[in-house]
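Novice: Here the protein sequences come in this chain order: A and Z. For what it's worth, this note's numbering labels the leading residue of the first sequence as 1, then goes sequentially. For what it's worth, this note's numbering labels the leading residue of the second sequence as 1, then goes sequentially.
These are computed hints drawn from the structure, not numbers from a lab. In this text the structure is predicted, and so the values were computed from the model without any measurement. Yeah, the Cβ is synthetic: ideal placement off N, Cα and C, and Gly gets one too. A hint or two may mislead.
Restraint ranges, calculated between C-beta atoms of paired labels, are given here [what the hints assert, rightly or not]:
no. : chain 1 : residue 1 : chain 2 : residue 2 : range
1   : Z       : Ile-147   : A       : Tyr-444   : 43 to 53 Å
2   : Z       : Met-7     : A       : Lys-26    : 53 to 63 Å
3   : Z       : Phe-173   : A       : Cys-511   : 37 to 47 Å
4   : A       : Lys-26    : Z       : Gly-154   : 15 to 25 Å
5   : Z       : Asp-301   : A       : Asn-146   : 26 to 36 Å
6   : A       : Arg-23    : Z       : Asp-361   : 30 to 40 Å
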Amino acid sequence: MIIHLFIGLLILGGAAFSYQGVRLQKFFLYPAILAVSYIGWAFYWGVTNNVTDFYSFSWISSKYYPVNLDFFSTKEVYTQLLTFFIIAIMVCYSVIWNKQERQKLNIIALTSLNLAAIIMLICGQNTLQILIATCFLDVLGFCTINDITARRQYIFYNLLADLGLFTAFAMIGGGNAANQLQILDNIHINVISLFLITLSVMLKAGIFPFQGYYLQMITVNDVRRIILGFLSTPIAGFFILLKVMPLIQENVTCLYILKGGLILSFVWNFFASLISDNINGKKIHINLVFYAFIFWVVLAEQGQNLECLGKILILQFLLNNILHGGQKYNQARYLAVILLISAVVLTLLKFSQFISYSYLGILMLMTGSVMYRIHQASGEEQDVFYLIVGGIITSYIINEEMQNSYLFWTYMASFGLLLSGFPYYGLSGLQMRTTTDIWSKLLYLLFIAPIEFLGRILWLTIDFIIIERTFLNSFSRFYIWLQKIFAKMHNFSIKNLLWYWFFAGLLLSYCVYGEGILWK
Amino acid sequence: MEITPQMLPILILIPFLGFIFLLLARDDTRYSVRNIIMATEFIICTNIIMLGRFFSQLDIGQQSVQFLTTYKLFEKPKIELAFGLDVFSLMMLVAIHVIFLISIPFSVKKNAKVMSCLSLLMLGMMTGFLVSADIFSFYLFFAMPLIPLFLQIGSIEEVRKSRWMYRFFIYNFIGMIILFLCVCALYHYQKGENIIFLRGVARLRLTHWQEYWIWGGLFVAFVSRIPIWPFHYWIASMTSAIKNPLIFIQINLFPLTGVYGLIRFCPKTVPESVSYLLIGLEIIAAISMLFIAMIGLINKDNRYKLFSFITVYYIIYLQGALLPTSRILLNIGYSLFAFLIIMCVLELLAAYVREEQQKYDLHLYGIICNTPRLGFLYAFFTLSAVGFPLSALFVNNFVILSYVFNYNFNLGIMMMLALIIASASLLKELYLLKDNRYVQPGSVCIMDLSLKAFYGLSIIAILLLISFFNPLLILGV
């Protein structure tokens, strides 16, 4: 079942990717949408009929290092995949009406291929399959970004993450001659490999201090940014964390590093979202706060009982789309109403099991900040009224639904802060440019610059002074000296004759008394 | 047609016959140049078909040399030559033939006749080197490729007066002489046999000092071909001076002879008394790798960057070959197969960019922004080179590194560091070429790759993608 969906998505993605033109796009677009719908329907059919099967492809059949590619359909896999199928189908449908995106078929191709990679990642039972799926997602992410600066940052960060994972899994595989995830719990794992996995996960999800490459994506259009945010590398980071959770929990240092990164990521991006001037920047910061939040939930729940995270992911995806819509039509008014509806949906779905009140408050505050910025850009004076009304009604309904006064006051406090203008006027006076990637600069100064400096020193001392000036020059002079001696030997004189006999004597004495290779 | 071991020398003879045929050709008109290129391609294709036939009858599961055949060279002293094939050497042969096949149409423009003739000569000698199974034929084909390469560098690249030729000669001559002395010594100490098979060298009974000198000499001879300190300098200097991509590629095939030599002489069974030499070699190799990777990062010349990437990979294969296990030999072969092709295509694309840049007198920054075909292929091959799962490099490097980590953790860390730096250096180069901030709208752009070249290289890209699953699929096995 899952293997059929995987192959179907690969074929659809490959076919859609092969047409890069724009002229005949509409001709191919609707069949592609139909194909996506059919795959979605097949998945839904599998979920409802509870189809279970297992497919294992023996990829490397070496007796020393066998590797299988596993694809299996179980309830757990269905639950994890459902969210991404919903998001993928929504992205594909939304692209039909999206005028900002010219290469619509390209988006469908990337979405399908990303979904296929996520299937591979979720079904992965060995380190190599996980690694391949992760790299596959990275390459697709690379193709998704259509801005050169963002693309460069993205690929450098993700290359580091991939090589970190590659090294860690190679260490695990080499030390234990094992690549199966099930047996990793029972074997000794090197601390360096755990450390590398932790850093790689942080890099993938843009957790502090590695958020730099996400911030570069302000120039990437919304549909592509949504694909990158919800069907790409952060999701890879999330599933890698889930799969290696038992290993990371064994090491307190790694756990502290990850938790510290998450807290700092949360705080940094929260404030950055409030004070950033750029609406796209604000949206990116909201997503980064969200990633920190879901990673925190995974750590807190120790990777168990995470069924609701899928729904939260969809909610965040919807929020992104709503903000995108608001920005596109320059309307904070509609945005307030849509936010109201989404808040009601949120409450009805009863996510309170995981979404703490403080997180909801923060989310509302950040969203409000984006709306306020959109409102400012629209130039309509009265729109803020709808915002107030929307906020109060939302808070009231949520409170009624949840029967929880804390939640009500959390919302009220967030809207209060928002309306007081504190988030925007209060902090923007700091003139802090959050889009400036100081962490990338710091990483450059701490790691890359010393390597470059060392490279220059090595070139100068070893290549130039030792080899060029010393070794080769000495050889050259020795060669000239030999030439002179042989020239002298051939000019008859007593002195030259003495030289000649001197060398001949040396050679003869070696042959007679020495133990050369051929005179044993 | 039934393939027999006696047909093995035909693989060496076909390029030689092609060489003689092309020597008689005219090259005074445009049409004759095209005919020369087509004839060269035809000869290479013929050999590839022959290789395919050999592959179809090869036992993949068997690691030892197959299709073994011997020929009497001299009666006094009694010397016989032996030729044979195994999966590893056959894969290298296919990779080298593919490299020549795709490089010649890109590189042969001026001096078509000389270039094609010498390339075929080089191909024949490399084929001879890879099929040799005894020490005499091995030495012969170890030394002989120097002649066509020396002639190509001297006659086509016009670097005759520079010091590069001097370095090229010194380093290779030292290696050649040392190997010759070792071969003579081995022949002297063998017990009345006419053939000393490569695998049998380690089984010869020698005294401690004889082992010390002979094995030490063998190591130095092979290492002289691999860019390990202090022998890296001649290749580094040459690669920076060479403009023709085919000559660049041929120079960078030379380290393969060193790595292949070490694999063939089988250091896993190196006598215990000289095993510490191997440790020394490993340490120097690891330091050289890091050193060259770092210089590649700071160097602005893209040929040097490519050279540093090539060196890092060759040293990884060398370290893999030096491990006391033969389990990863096939992985090294698969990885080398993809690596050689990627190295070749990257150089071809880089040379195309350099040529176009000089033609239009442009800066390198953002030069491939408006060339979608070139940009796509450059990005694909760079991403494959840096280790994304787009070719056989990925999985097989993973297995090689796993074994290295298991054997020596610190060595593994150094290898990974060098790999990261070399990859970063290649990516930096790619983004320099694609950085559109420096491109003004309406400014002069270079020509994109022709459709023919694009489709040709796309086929290579597809082959690489297939090699990701199993390189033998490409070879129809």
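Novice: Taking the hints in turn, state whether each one holds.
Specialist: Hint check:
At about 47 Å, the beta-carbon gap between Z:Ile-147 and A:Tyr-444 stays in the expected band of 43 to 53 Å. Our hint of 53 to 63 Å for Z:Met-7 and A:Lys-26 holds, since their Cβ atoms are close to 58 Å apart. The hinted window of 37 to 47 Å between Z:Phe-173 and A:Cys-511 is violated, with their beta carbons roughly 24 Å apart. Evaluation of the 15 to 25 Å hint for A:Lys-26 and Z:Gly-154 yields a failure: the beta carbon distance comes to about 60 Å.
For Z:Asp-301 and A:Asn-146, the Cβ-Cβ distance of about 30 Å falls inside the hinted range of 26 to 36 Å, so the restraint holds. Checked against the given bound of 30 to 40 Å, the beta carbons of A:Arg-23 and Z:Asp-361, roughly 35 Å apart, stay inside it.
Of the numbered hints listed earlier, those contradicted by the structure are 3, 4.
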